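Enquirer: Here are the chains, one letter per residue:
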Amino acid sequence: GDSVTQKEGLVTLTEGLPVMLNCTYQTIYSNAFLFWYVHYLNESPRLLLKSSTDNKRTEHQGFHATLHKSSSSFHLQKSSAQLSDSALYYCALASSSFSKLVFGQGTSLSVVP
Amino acid sequence: EAAVTQSPRSKVAVTGGKVTLSCHQTNNHDYMYWYRQDTGHGLRLIHYSYVADSTEKGDIPDGYKASRPSQENFSLILELASLSQTAVYFCASTGGMGQNTLYFGAGTRLSVL
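Residue numbers (the numbering used here), protein chains in the order written: chain H, 1 to 113; chain B, 1001 to 1113.
Treat the hints with care, since some could be wrong.
Pair ranges (Cβ atoms, derived) [what the hints assert, rightly or not]:
| # | chain 1 | residue 1 | chain 2 | residue 2 | range |
| --- | --- | --- | --- | --- | --- |
| 1 | H | S110 | B | T1005 | 28 to 34 Å |
| 2 | H | S110 | B | I1077 | 34 to 40 Å |
| 3 | B | E1079 | H | V11 | 38 to 44 Å |
| 4 | H | P113 | B | Y1050 | 44 to 50 Å |
| 5 | H | S3 | B | L1080 | 29 to 35 Å |
| 6 | B | G1016 | H | Q61 | 41 to 47 Å |
| 7 | H | G1 | B | N1028 | 41 to 47 Å |
| 8 | H | Y40 | B | G1040 | 36 to 42 Å |
| 9 | B | S1054 | H | Y29 | 21 to 27 Å |
| 10 | H | F98 | B | P1061 | 15 to 21 Å |
| 11 | H | T12 | B | R1009 | 40 to 46 Å |
| 12 | B | A1106 | H | S96 | 27 to 33 Å |
| 13 | H | Q82 | B | N1028 | 33 to 39 Å |
| 14 | H | N42 | B | N1028 | 23 to 29 Å |
Quick caveat, the hints were computed from the structure, so don't treat them as lab data. This one's a predicted model, so the numbers in the text were calculated from it and none came from an experiment. No residue lacks a Cβ here, since even glycine has one placed at the ideal position from N, Cα and C.
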């Protein structure tokens, strides 16, 4: 079945350094949708960005990700981490227009001064 | 702005007791979901519904029941609460499956003692 892997459970970064959170997925379907959801403490999880287009960079709120179907990856990046980026980040997959979302295990990002 | 309201926000229950978590959405969405959040497991789908008076099992339905009496309301029921059901529970709604954005509630923190 479909699956999403986020290998890092916890990432701790110094403010100002680049962010890269890894996400790889498995599905037999070619038209998958990939998402990043962010969950800030004491808030509701919400969509950060999504994509279904191969090799196209998607950006939102300073973050960006590119779906690479050849490597089944959708890594989340930001050029310079801010203290306010500290949150739990989920990568998720919908393998088709009729599929439920499958979430990865989540990566907790902690940005320190 | 999409609105999903969960109640209660936190609850302490005794082992073997009955627990009902409630969710109300004003998004006019057909789909509603119950997820469980655990460290290291991410968000896992318990039950979902795409129409009133009908529910579907998700990936981890054992020990949980769901009820969708109307389009706006979706409840999660633990008939015999167990220690292993201590977790944070999130309700979400969306207009469809696949690429549609999930709108989450603020979560219910359940502790079973």
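Enquirer: For every hint, state whether the structure bears it out.
Expert: To see whether the hints hold, each was checked on the structure:
no.: 1; hint: H:S110 / B:T1005: 28 to 34 Å; result: holds, 30 Å
no.: 2; hint: H:S110 / B:I1077: 34 to 40 Å; result: holds, 36 Å
no.: 3; hint: B:E1079 / H:V11: 38 to 44 Å; result: holds, 39 Å
no.: 4; hint: H:P113 / B:Y1050: 44 to 50 Å; result: holds, 46 Å
no.: 5; hint: H:S3 / B:L1080: 29 to 35 Å; result: holds, 31 Å
no.: 6; hint: B:G1016 / H:Q61: 41 to 47 Å; result: holds, 45 Å
no.: 7; hint: H:G1 / B:N1028: 41 to 47 Å; result: violated, 31 Å
no.: 8; hint: H:Y40 / B:G1040: 36 to 42 Å; result: violated, 19 Å
no.: 9; hint: B:S1054 / H:Y29: 21 to 27 Å; result: holds, 26 Å
no.: 10; hint: H:F98 / B:P1061: 15 to 21 Å; result: holds, 20 Å
no.: 11; hint: H:T12 / B:R1009: 40 to 46 Å; result: violated, 29 Å
no.: 12; hint: B:A1106 / H:S96: 27 to 33 Å; result: holds, 30 Å
no.: 13; hint: H:Q82 / B:N1028: 33 to 39 Å; result: holds, 35 Å
no.: 14; hint: H:N42 / B:N1028: 23 to 29 Å; result: holds, 27 Å
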